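**Student:** Numbering (my numbering), first residue to last: 1 to 175.
Everything labelled a hint here was simulated from the structure, so no lab data went into it.
Where hints are given, some of them may not hold.
Simulated restraints, written as ranges between beta carbons of each label pair [what the hints assert, rightly or not]:
1) Arg75 x Gly117: 42 to 50 Å
2) Ser112 x Arg147: 17 to 25 Å
3) Lys80 x Arg20: 26 to 34 Å
The calculated SDA-like cross-link candidates involving lysine to any residue, where the alpha carbons are at most 25 Å apart (straight line), are [claimed, not checked]:
4) Lys141 x Ala114
5) Lys103 x Glu49
6) Lys80 x Asn143
Please read these numbers as outputs of a predicted model, since none were measured by experiment.
Note that the Cβ used here is the ideal one computed from N, Cα and C, for glycine as well.
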Amino acid sequence: MTDDDAELFRQALADAKPLRAKRRAEEVIRKPVPKARFTRADEKAALRESLEADIDDTEAHGGESMRFHRPTVGRRTMRKLARGSFSVQAEIDLHGMTVAEAKPRLAEFIESCAREGKLCVRVVHGKGLGSGTRGPVLKHKVNRWLRRWNTVLAFVSTRQVHGGTGALYVLLRQS
Numbered sequence: 001m002t003d004d005d006a007e008l009f010r011q012a013l014a015d016a017k018p019l020r021a022k023r024r025a026e027e028v029i030r031k032p033v034p035k036a037r038f039t040r041a042d043e044k045a046a047l048r049e050s051l052e053a054d055i056d057d058t059e060a061h062g063g064e065s066m067r068f069h070r071p072t073v074g075r076r077t078m079r080k081l082a083r084g085s086f087s088v089q090a091e092i093d094l095h096g097m098t099v100a101e102a103k104p105r106l107a108e109f110i111e112s113c114a115r116e117g118k119l120c121v122r123v124v125h126g127k128g129l130g131s132g133t134r135g136p137v138l139k140h141k142v143n144r145w146l147r148r149w150n151t152v153l154a155f156v157s158t159r160q161v162h163g164g165t166g167a168l169y170v171l172l173r174q175s
């Protein structure tokens, strides 16, 4: 190659811009993935605390909505129940009742619905707005009662249009 050839080559490439150099895979600097030091210990402590807590205290301080299911009830069924996808076949309204009045009425309602083969019912317990500083008394009692009765497979707070946190969709075992 002569000096003239080299000069011609430089003139031909005078307007050219250099390409950006791509890094090779081994040149890419990867940051190490951060690892939480105490994650397992924190998770175990949270689980232990949740298992030791009284259910009434958990409900009173842990949010408004209620949710329960027996181990035999799957996630898909719970999702359907929470969405209100089951047809509500009966309803009981416990508004204005005392605890002494509500428990036998609710027990009879649940048992009769199960005997009649009803799968999903709605229980309106109210939000406890009239209870003053005591908070929702019936709501917490209904939560406790339904968990103890074997006829009840699952329950969740209803969609807003059906009462929201003042009512429950209850899935029943047929007897």
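**Student:** A separate judgement is required for each hint: does it hold in the structure or not?
**Tutor:** Status of the hints after comparison with the structure:
Remark: the range hint 42 to 50 Å for Arg75 to Gly117 is contradicted by a beta-carbon distance near 25 Å. For the pair Ser112 and Arg147, the supplied restraint of 17 to 25 Å holds, since their beta-carbon distance comes to about 20 Å. Distance hint for Lys80 and Arg20: a CB-CB separation of about 54 Å, inconsistent with the stated range 26 to 34 Å. A threshold of 25 Å between alpha carbons decides the hint, and for Lys141 with Ala114 the separation of about 20 Å falls inside it, so the pair holds.
Between Lys103 and Glu49 the alpha-carbon distance is near 30 Å, which puts this suggested pair outside the 25 Å criterion. Distance restraint check for Lys80 and Asn143: the Cα-Cα separation of roughly 20 Å lies within the 25 Å cut-off, and the hinted pair is therefore satisfied.
In this structure, the hints that do not hold are numbers 1, 3, 5, in rising order.
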